[in-house]
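Asker: The chain contents come next:
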Amino acid sequence: MPWTMETKAGFGWATVVVLVFLGTIWGIHEYRSLAVLVAPVVVYFAFFAWLGRVK
Amino acid sequence: MPEAVDYFLILLRWTHFFGGITWIGLLYYFNFVQVPTFKELDAPTKNILVPRLVKRALFWFRWMALVTVVAGWLFFLTRWAIDSSQGPVDMTRTWWYVSILTGGFLGTFMFLNVWGIIWRNQKKVIHATEELAKGTPAPPEMGKWSRQALIASRMNVAMSFPMLFFMGAASHFAVF
Chain R
1 MPWTMETKAG
11 FGWATVVVLV
21 FLGTIWGIHE
31 YRSLAVLVAP
41 VVVYFAFFAW
51 LGRVK
Chain E
1001 MPEAVDYFLI
1011 LLRWTHFFGG
1021 ITWIGLLYYF
1031 NFVQVPTFKE
1041 LDAPTKNILV
1051 PRLVKRALFW
1061 FRWMALVTVV
1071 AGWLFFLTRW
1081 AIDSSQGPVD
1091 MTRTWWYVSI
1101 LTGGFLGTFM
1111 FLNVWGIIWR
1121 NQKKVIHATE
1131 ELAKGTPAPP
1141 EMGKWSRQAL
1151 IASRMNVAMS
1161 FPMLFFMGAA
1171 SHFAVF
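Going down the list, the protein sequences come from chains R and E. Read left to right, the first sequence gives residues 1 to 55 (my numbering). Read left to right, the second sequence gives residues 1001 to 1176 (my numbering).
A portion of the hints provided could be inaccurate.
Claimed, not checked - Simulated pairs of lysine-lysine, DSBU-like, Cα-Cα distance not exceeding 35 Å:
(1) R:Lys8 <-> E:Lys1046
(2) E:Lys1124 <-> E:Lys1055
(3) R:Lys55 <-> E:Lys1124
Stated by the list, open to error - Facing chain E, from chain R, some residues (calculated, C-beta under 8 Å):
(4) Val17
(5) Val18
(6) Phe21
Hints listed in this document are in silico derivations from the structure and should not be mistaken for laboratory results. Quick reminder that beta carbons are idealized off the backbone N, C-alpha and C, glycines included.
Next comes chain E alone, as it looks inside the complex (with noise of 0.2 Å):
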């Protein structure tokens, strides 16, 4: 029988899963689809769409990037916790842990560019947008704004790759 610690894991499991989907989805979905389509509009369809679709796709995109990583660093902690009321955890030694850890510290990394540079970079092309319907100029930064967001989401694309494996392969790969 499970105890209750195991549902607290499986919510915090299945919470970090379906997260994790939505995040990575969305980050696959913009680098894969949308910015390619977005090169082939011509600019009054892209005014159009950006204040909407954009929008809508960034505000899931990041707060599922939160939710991914609150939910998977609490899982973290506890299993941690319980493995370290059975006697000393050398991390170093075990392969899950270094695995999770590399995949976690991955993830993080992504997390922060999520927030610190493509949402930082975002509102401000969605703001200005909004103020180009309105007839206000679009400002000289626009590209820049752009350009500083995309890199760091190809980034992410990139590091998606070894961040997948080595949190798969901490249960299903052990290499020690």
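Isolated chain R, as found in the complex (with noise of 0.2 Å):
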């Protein structure tokens, strides 16, 4: 696979969603609350608001 601007992009976002999961989880097993999972969706919103202003 070709260390493109793509597939860096691609693995960079992926990296950040797999970390901000993690951390939900480990969140919500610490604190006991769901609100962590605020943070996954914020992401989520993050990621699309950057990938409509690739051309």
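Take the two lone chains, each set in its own frame, and fit them into one complex as the hints suggest.
Answerer: Encoded structure:
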């Protein structure tokens, strides 16, 4: 798989998403609150907004 | 002897596996086989393949994504209902729930990428390619549509690795 802009962006965003998910799971485990689920939702919209600006 | 609900659960599990293998298999086909191969082809050959091969592959890709996610969430909700009927379930303290939900949310994120980004852009590319064959010039946004779809596709490849890990680890690698 060539290390193009698309691969870098895709893998970069995937890393962010996975880290946020792991943080969310840790947050739920630690604080026993589902409120932290807002974090991955925010990341999804951030990715969507960023992608909309790709030319 | 298995009870009625066990038959329902194994049917959902089988459907989830069948859909998942087809969906993720096609995702790897697109990223590891088709994209690099298409880079070596000339425009007329691509114009033949896109409305036929790509369209057909995308049909199975997006519908199997839906089948996988629906079967997966139905399985989860059924299992949760069964566990809850035997007493309160603390999802934050039970490894199976933590792991399967991590994999499940990653898979759902991937599913949103399939329908919300990849398919939305690819259907425009397919339509433009079909129009190209009729003599209509390619729209200037075609490159942007392909690029956006490819980014989401690459993202799904990267997310599929931890997603598969957490799906398998739920029953086979208990951390707590």
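Asker: If a hint holds in the structure, say so; if it does not, say that too.
Answerer: Cross-check of the supplied hints:
no.: 1; hint: R:Lys8 <-> E:Lys1046; in the structure: holds (25 Å)
no.: 2; hint: E:Lys1124 <-> E:Lys1055; in the structure: holds (11 Å)
no.: 3; hint: R:Lys55 <-> E:Lys1124; in the structure: holds (15 Å)
no.: 4; hint: Val17; in the structure: holds (6 Å)
no.: 5; hint: Val18; in the structure: holds (5 Å)
no.: 6; hint: Phe21; in the structure: holds (6 Å)
Checked against the numbered hints given earlier, the structure satisfies every one of them.
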